[in-house]
Amino acid sequence: MFAKGAEFMKKIINDPKNVVAEMVDGMVRAYPQYVQQIPETFALIRSNQDSMKGKVGVVSGGGSGHEPTHAGFVGQGMLSAAVAGQVFTSPTPDQIYRAIKAVDQGKGVFLVVKNYSGDVMNFDMAKDLAEMDGIKVKSVVVDDDIAVENSLYTQGRRGVAGTVLMHKILGAAADQGASLTELKKIAQAVLPKLKTIAVALSAATVPEVGKPGFELADDQIEYGVGIHSEPGYRREKIKPAKALATELLTKIDHELKLDSNKQYALLVNGMGATPLMEQYIFTHNVLDLLAEENIKPAFVKVGNFMTSLDMAGISITLLELADAAWLKALNYPVETIAW
Amino acid sequence: MFAKGAEFMKKIINDPKNVVAEMVDGMVRAYPQYVQQIPETFALIRSNQDSMKGKVGVVSGGGSGHEPTHAGFVGQGMLSAAVAGQVFTSPTPDQIYRAIKAVDQGKGVFLVVKNYSGDVMNFDMAKDLAEMDGIKVKSVVVDDDIAVENSLYTQGRRGVAGTVLMHKILGAAADQGASLTELKKIAQAVLPKLKTIAVALSAATVPEVGKPGFELADDQIEYGVGIHSEPGYRREKIKPAKALATELLTKIDHELKLDSNKQYALLVNGMGATPLMEQYIFTHNVLDLLAEENIKPAFVKVGNFMTSLDMAGISITLLELADAAWLKALNYPVETIAW
Amino acid sequence: MKLTLEKYLSWINEFSQKVIDKKDYLSDLDSKIGDGDHGNNLARGVTAVQQMLTAKQPQDLTAALKLTAMALISKVGGAAGPLYGTAFLEMAKTSSQTTELAELLTAATAGLQKRGQAKAGDKTMVDVWLPVTAALKNADLTSTVIEKAVASTKPLVAKRGRASYLGERSIGHLDPGAVSSGYLFEALLVAEDEK
Amino acid sequence: MKLTLEKYLSWINEFSQKVIDKKDYLSDLDSKIGDGDHGNNLARGVTAVQQMLTAKQPQDLTAALKLTAMALISKVGGAAGPLYGTAFLEMAKTSSQTTELAELLTAATAGLQKRGQAKAGDKTMVDVWLPVTAALKNADLTSTVIEKAVASTKPLVAKRGRASYLGERSIGHLDPGAVSSGYLFEALLVAEDEK
Ligand SMILES: Nc1ncnc2c1ncn2[C@@H]1O[C@H](COP(=O)(O)OP(=O)(O)O)[C@@H](O)[C@H]1O
Ligand SMILES: Nc1ncnc2c1ncn2[C@@H]1O[C@H](COP(=O)(O)OP(=O)(O)O)[C@@H](O)[C@H]1O
Ligand SMILES: [Mg+2]
Ligand SMILES: [Mg+2]
Ligand SMILES: [Mg+2]
Ligand SMILES: [Mg+2]
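Residue numbers (the numbering used here), protein chains in the order written: chain W, 1 to 339; chain E, 1001 to 1339; chain U, 2001 to 2195; chain P, 3001 to 3195.
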């Protein structure tokens, strides 16, 4: 919207400084039946608070710009609350702490954190604050993005679209009365089976920054980008959807060792500016490639779930359904804006 | 994806000629629980065919490129079937006829048509074919787009995002056993109360064409565009979200004569490449402006419902809830991919 | 002039070739005042017509016209599909009574107008079909007549089809359906010359 | 060197001004190897610090440090928020025992490392805090020490924070958190000079 240096940002916004406040306001006023704002925070809690009674709370959150994640998944059967940070910036501990306090029913609160330094540290500090109040808190740090090599000596892998499936499975379990310890066990079991990888056609423009996170030539794509325009592992000329699907699925196969005797859930995720038509075409190719390996996913979902502002691109998430309960949890009914 | 002359189209597709076939394939394989393909057509019918028993069928359709419209709204409580044409091109009469035949349960079939020459003529021809088989058919031609002046001597107004609300209301009524004649009455009552207007930040690129439908300068927007990059009524420099909302709401007010004693449903619709963050910010402004007139919509929905491929932009639909049954119908439970 | 099966086949072949050659140009015209797909729509249609005629080898004019109509109706979509389809269907129907070209085209044009509700001067293909039919009746159809008819759409304000949304801004552009109809009748002249 | 309330306030003012001036540059550095928001994050933070200090008028050093920490923790977010926040919180805690700057910074750096798990050479702000703390202990903190520490991050491969996703490609870029930490300590030198 505002000219900034030579760049021009074409967005439907007012002041770049207020995007999160205005977005949160729009969301809670559009959907009061699902979410309510915890006063003076950007934390949104379930409107149907009765549905949380006697259950462990599940709280997620992170930077804004990934809508409908996180608040779009708040509601019965899924998250108890979600905390929004500034764009691509972890929320602060005081806000996370407020959300934890608001959802706790004496059974403890489970935190779903994506593996970014900021998120990990801010959620940790919030956990400390909550524990000082006597609230039991456990957490999982999701690191499903296989684009970066894993290593003990680095930050490790990022948390991306697979987090949505983690929310779904934990939310269903919590709704059915799982304890804090049981949720931790489920999360730990799901984590190594959950793998995501993305390709970008363009980068996101953070409103306060005013220009794209990176530049791709008119005919270039980048494999392995993160959801904050973190660079990926290779740039090349754009290829047909089938070739993109092949590249990404090969990477996932390398990690999960796809096996026709096993069951899988597939999430095809648009990054914000990619039309559903392209997402369905890509899904067609992914399903074809899996079918060549005699794999037919037991659960499929296609759409914009973990976006990156106006980035064009797509990600594949495969979850190996090592436990039959996970499939049931994915199909468990929910009352949310966006699932 | 393919270079075409000097232009370059960056899309996740394979052959531009196959986009619809591949998209439809991706959709039915991803969501077999909701939709099935009528063999050798791009018509998708409800998987839960039992849910149609004894009821009037509701069939919609039109060009592709508006996903999740139309097939995303097929399912119990909403559409019985949807017919997809080529991108931005009306489906052909034979395919529409197949859909009509497939959903008819002896109670007749109601067609929801958007007011474009092509759609009107092709659905008319399909109606003729179906009537020759003894199937009772009635229809509504939706013309909610107030961007163009209405006139008896022209094509009249276009059908755009408001069509989704028409689907929802008619689908709920049909599911509750309304007759063909009753559906026609409801449609006729809803039509004059349903108004939509859009603003575009960029035009859509049809895959087989390979370049955007129109060019906007880096800082330009266009008010009143249609969902096929039909030009609008004014171009100007981009403005803050609030100013855009004011411009569009003023136009709607001019038509509907907004009145704080009446109830309204609001649909804020992203055109395909507009992030949810921007849609919620815009919603915040729209709700503020309505609040200044003491209007609080009784129903709000925000998201990508009637898109235009990769167009960036947004539309406002307001439906005056002249009949209390319409609000109930909007909240009526459905089993669809995208509502 | 009477239309024969042979002459019809060379006419429709000539037209198909022209549409395929001019596909991009037709879509370009359509993107000025419509949605940019007229060439693609029609090219899809004539390709189907070719396939259908080759596969079914119709043995009389009526069958050939009907196959053409069916291929266009089921493959073109959009506005042009039902319009061209209806035109050929009307010709097919009439051809069982007469093969006089002027009469076939009179029926076609009437069908076109019934289907699309366009009048002369609405800036549609009708603005080509009407004068061409009139000229054929007088047996004086020439390239000039066709060119003039096509060109006549340029200064008009569109009243039907997508171009009508442009109002005054449609002035100064040729109507794509008029241009493709121009090709149809130019192809007729070529087919006649060949005989 | 002992830290007084007065000296601290002029230090933090100087730093705030610098961050606001260099906001775009810090974000630019971050967009090279991170997500492009470090300047914006920190600017939001120091603005809150200024507001907090003006509103609350702390009467002793511990209170001022704690207010700073709280403003940073609750306003910056991201990685820099908890890191800078923890550093100032540790200084606040330690300041009730001693106001010796070297000791305050020793505590801060330890807190920073505990919070973020970064070691020397991981290409983070720690690569500035460690040598600066060491120099202060020897009472020989100079601009050169700071500049060298900041510059030392350039050839490193990032092991923590978003830059670590770049692996080898992080080489050749300054770490934005190191640069902002450099501003913090340059501001300290300015504040000292003023006295
Ligand atoms: N109602 C109508 N009557 C006659 N011709 C029409 C009508 N509507 C559209 N046309 C013709 O159709 C042409 C557009 O065809 P095409 O682009 O294939 O379809 P669409 O407009 O559905 O994309 C126009 O140029 C015009 O000549
Ligand atoms: N684990 C860590 N330990 C120490 N410093 C870190 C760590 N992670 C990140 N940093 C510092 O934080 C800086 C980035 O801060 P900022 O951009 O504000 O946060 P974010 O990375 O969340 O966007 C990096 O330049 C680095 O100096
Ligand atoms: Mg950040
Ligand atoms: Mg069209
Ligand atoms: Mg067209
Ligand atoms: Mg950053």
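Everything labelled a hint here was simulated from the structure, so no lab data went into it.
Worth double-checking, as some hints may not be accurate.
[Said to hold, decoys possible] Here are the simulated EDC-like pairs of lysine to aspartate or glutamate, each with C-alpha atoms no more than 20 Å apart in a straight line: (1) W:K242 to E:D1128; (2) W:K10 to E:D1025; (3) U:K2018 to U:D2193; (4) E:K1017 to W:D288; (5) W:K101 to W:D133; (6) P:K3093 to W:D128; (7) U:K2066 to E:E1247; (8) U:K2056 to U:D2193.
[As the list claims (entries may be wrong)] Over 12 Å on every C-beta distance to chain E, these chain W residues come out as not near it, computed from the model: (9) N14; (10) R29; (11) Q105; (12) D124; (13) T154; (14) G177; (15) S179; (16) L180; (17) K185; (18) N261; (19) E278.
No residue lacks a Cβ here, since even glycine has one placed at the ideal position from N, Cα and C.
Over 12 Å from every CB of chain E: does N261 of chain W meet that, or does the non-interface label fail? holds, 21 Å
Since T154 of chain W was said not to touch the interface, does its Cβ keep a gap of more than 12 Å from each Cβ of chain E? Holds: least Cβ distance 30 Å, greater than 12 Å.
Has the given pair, K3093 of chain P with D128 of chain W, been kept, meaning a C-alpha gap of at most 20 Å? holds, 17 Å
So if I understand the rule, the pair passes when the alpha-carbon distance is 20 Å or less; does K2056 of chain U with D2193 of chain U pass? Outside the cut-off at roughly 27 Å; violated.
Compare the distance between the alpha carbons of K101 of chain W and D133 of chain W with 20 Å, and conclude whether the hinted pair is satisfied. holds, 9 Å
So K185 of chain W supposedly isn't at the interface. Is its beta-carbon more than 12 Å from every beta-carbon in chain E? holds, 29 Å
If we take the beta carbon of S179 of chain W, is the closest beta carbon in chain E still more than 12 Å away? Non-interface label stands for S179 of chain W: nearest chain E Cβ at 31 Å, farther than 12 Å.
Closest CB-CB distance from E278 of chain W to chain E, is it above 12 Å? For E278 of chain W, whose nearest Cβ neighbour in chain E is about 4 Å away, the distance does not exceed 12 Å, so it is violated.
For Q105 of chain W, is the shortest beta carbon distance to chain E beyond 12 Å? holds, 28 Å
Measuring Cβ to Cβ, find out whether G177 of chain W lies farther than 12 Å from everything in chain E. holds, 25 Å
Non-interface label on L180 of chain W, tested against every C-beta of chain E at 12 Å: Holds: least Cβ distance 31 Å, greater than 12 Å.
Would the hint linking K2066 of chain U and E1247 of chain E be met if the CA-CA limit is 20 Å? Since the Cα atoms of K2066 of chain U and E1247 of chain E sit roughly 51 Å apart, the hinted pair is violated (cutoff 20 Å).
Taken one by one, the earlier hints fail for this structure at numbers 1, 2, 7, 8, 9, 10, 19, listed in ascending order.
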